[in-house]
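**Student:** What follows is each chain in one-letter form.
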Amino acid sequence: MEEIILKHRFLPKHEILSEEEAEKILKKYNVSKRQLPKIRLKDPVIKVIGAKEGDLIKITRKSPTSKESPYYRVVVDE
Amino acid sequence: MEHVYKNINSISFGFFSPKLIKKMSSVKVVTPELYDKEGYPVDGGLMDIRLGVIDPGLRCKTCGSKLKECPGHFGYIELARPIIHIQYTKTILDFLRSTCKDCGRILLSDEELKLKLDSLKDIEKRYGLFFKRKKIKEIINSLKNLKKCPHCKAKQVNVKLERPLTFFEGDKKLSPIEIKTKFEKIPDEDTEILGLNPKYARPEWLILTLLPIPPVTMRPSITLDTGERSEDDLTHKLGDIVRINQRLFENINAGAPEVIVDDLWDLLQYHVTTYFDNTVAQIPPARHRSGQALKTLTERVKSKEGRFRYNLAGKRVNFAARTVISPDPEIKFNEVGVPKAIAYELTVPERVTEWNLERLKEFVKRGPKKYPGCNYVIRPDGKKKKITDETKEQLLEELQLGYVIERHIINNDIAIFNRQPSLHRMSIMAHKIKILPYKSFRLNPAVCTPYAGDFDGDEMNLHIPQTEEARAEAEVLMQVQTQLITPKNGTNIIGCLEDSVSGNYLLTKSMVFNKDEAVQLLFSIGVKKIPNFNNVVEGKEIFSSVLPGDFEYIGKTKDNDDVIIKKGKLIKGYIDGASIGEERGNLIRKLHRDYGEDVALDLLSKLFRLGIKALFYKGFSTSLKDIDLKQDILIRIRKLLKDSEDGVDELIKTYNAKKLEILPGKTAEESLELLILQTLNKVRNKIGEIIGESLNEENPLRIMFHSGAKGSILNLTMMASSVGQQALRGKRIRHGYDGRTLSLFKKGDLSPRSRGFISSGFKKGIDPVEFFFGSMTGRDSLMDMALRTPKSGYLYRRLANALQDLKVEYDYTVRDANKTVIQFKYGEDSIDVSKSEKGTIDIRNLIREVIGK
Ligand SMILES: [Mg+2]
Ligand SMILES: [Zn+2]
Ligand SMILES: [Zn+2]
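Line order of the protein sequences matches chains A and B. Per the numbering used here: the first sequence = residues 1 to 78. Per the numbering used here: the second sequence = residues 79 to 931.
Bound conformation, chain A alone (with noise of 0.2 Å):
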């Protein structure tokens, strides 16, 4: 789809993060994938950046009280 969508101040910015991050992340929550919100494989933002199934998205928000905020996300094909 077209990146452009990516340009849109209002969509925060989505990441697909490695193997070793996705890890790290994991780690520190002590969480399972199962465990963790998820995204539609169908997102429009997850077809332009390519993200697979499983990968695990990184969401960079804009806070007023905290300036940046991560998310992370679980692509599933539901």
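Some hints here could point you the wrong way.
Dumping the calculated SDA-like pairs for lysine to any residue here, alpha-carbon to alpha-carbon at most 20 Å [unchecked claim]:
| no. | chain 1 | residue 1 | chain 2 | residue 2 |
| --- | --- | --- | --- | --- |
| 1 | B | K897 | A | I5 |
| 2 | B | K903 | A | D77 |
| 3 | A | K67 | B | K903 |
| 4 | A | K58 | B | D907 |
| 5 | A | K67 | B | D133 |
| 6 | A | K38 | B | V911 |
What the hints contain is simulated information worked out from the structure, not anything from laboratory work.
Given chain A's structure and the hints, the job is docking chain B with the ligands onto it.
**Tutor:** Positioned in the frame of chain A, the structure of chain B with the ligands alone reads:
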């Protein structure tokens, strides 16, 4: 019992097949008799001990377990003739209509059938089961008027259901036997289009040939005081079924005439129908001998008193009381006044130890009729003994270590107090009990806010915790002082209100006392350490002597004047709602932070009473003359109103001349309306200003809204001068007759008066036209309230239920009961709002406090 832990993958729904009913049964019931002469359950009866145990001491003949361990086991009876299941009549009708009356095939050609099945599969895959069911309904509906079978070419006759359970094929009545044979002919391949999976649901299973008998554990009999057994409604009904079934068998076997057999068959159908549902229209409900309708299967589940809403969703407790609430300003914030009549019924269990034996004996001695007494004594083996005149002596004698007595509640016992709807956690708080005369719960008016209660007839509930753990938890976590700061926005939910605010305002602003009065005032609010006053004491000094000696505070009043407290002395400014009011009392907030919740609550309650008591010295009231305006003010207001009317006229004129400047994004009409509204609002605000300036400092109304106790300048304007524009949905009133609001106006009249502007004030009185417009907005707001409250209440409930298992974990993540992460950092900043100030933490302030000293 053995438990199986497995993840559920899928659920299939189907009908019981006769085979399955037999397979899951442990008894074939053959006789309506329940017990033999010795009172022992009859073999093959409805209370057969193979159906489970309901008597202590007995063992189940099927599984060998004891009472409470055996879940009970099903049985069955063989029906002499097939019976229609009342809950399946609609399904049976659908199936009869969509299949051939002769060959039993579905009324679709093989090609059509294949097409439809494929489309069903596709719909299920793409849109889910819900839409598949919708499609099946559609298909069935499309089949019901077909005239010819595509398979055997037989002519089809319309099938009707004559309520409640007679089927007609044309004019011919269909007996359950005929229906069953028809259904048996439907091939497995055709059932799928009817929404069935033939493995779990064959159409002929809709007609009952065997009836499952539920285990006795779900219809236990109770033993009355007389020793007589009283059976459950279901057992009664099943008894009827078995009895009639037996008679039907006998008559059929004896070759009785058709009429008699048919009559019995109908009777059996009636009993089976009422066994499933005793509230079917057109079928007289089966009754007890007393005339009371039996509660059968459907009634057990359905409605407010049913299994779901009563037993599963309902929670009931003992040791609770409910009555009307009324105010008592003398009671502490964390106390609740409990009527003595209630104290006789509510008890606290107290264990006998060597230290309290003598004290507890006194309670037992007084018994249940003398307060503070004791209702029950519990022996170490758990046996509970009621104290009566006869048992008292003996119980007193045997009372020893390890016994527990249930004594009446007394002052300072802890209780949990609640007002519904419990929308936030402050709706349930712990209070110390104070036993009082009369019949209502008494609470300090200051704690109305957290409960959102008033005294126009509100009732509240009181619960007495029954274990040490519960009491400790309530005391540490739930008492009123722990709830001073709301987690909504970090402000104080409890504060001074109404007269107390006015009182503190007057006290710190202008009041002066002599020494005696000052001492008396302070003592009456419970201040014990009274400073050495001079002969003339300013109100500020009195206020200061309530505060801790080292208290430092810098704040603002409502009018943005400085308030400065240094070393516990109010040295600048005065106290008003912005310092001590609810949800905005910065002074209270600071007290809470500096001295902790207990001190803060104590000081708050003193300040609360200080305000009220201060008013006693001066007297505080308001009357009509307080809204009298001086002549020159009235003239100015009249001129203002006239000017604005002229202004509106001018606007209308320019509009009619099509010269009105149109606002961006609006039509000419909208622009005009907006400008008119602006003009009229401006004049009202201007009037408010003029009135505000003209008011005497002593004016009680001014004092009330200036201190933030109640009301605003707007309310005063409405009383003294003009009520202002009445608006419906943000617009001037435009409903009514063709082109006008009331028939007495000219068509197209846009003047303020004809569109709901009320230029008179309440004191002067408003004229009929104005009154009418006032009623319109009044009615609208009533309707709005009546419609919106339940809607938003339900919305809130659903939200609260959806979020109820979320909690902040020790690593500051928010997780649900499965430990699934919802937020990686609570609120993105992990700030506990109730420990913050208005949701944020003022770091600059913190630094100043730490190093600036
Ligand atoms: Mg009320
Ligand atoms: Zn058993
Ligand atoms: Zn046919």
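**Student:** For each hint, tell me whether it holds in the structure or not.
**Tutor:** Status of the hints after comparison with the structure:
{"no.": "1", "hint": "B:K897 x A:I5", "in the structure": "violated, 33 Å"}
{"no.": "2", "hint": "B:K903 x A:D77", "in the structure": "violated, 26 Å"}
{"no.": "3", "hint": "A:K67 x B:K903", "in the structure": "holds, 13 Å"}
{"no.": "4", "hint": "A:K58 x B:D907", "in the structure": "holds, 17 Å"}
{"no.": "5", "hint": "A:K67 x B:D133", "in the structure": "violated, 68 Å"}
{"no.": "6", "hint": "A:K38 x B:V911", "in the structure": "violated, 28 Å"}
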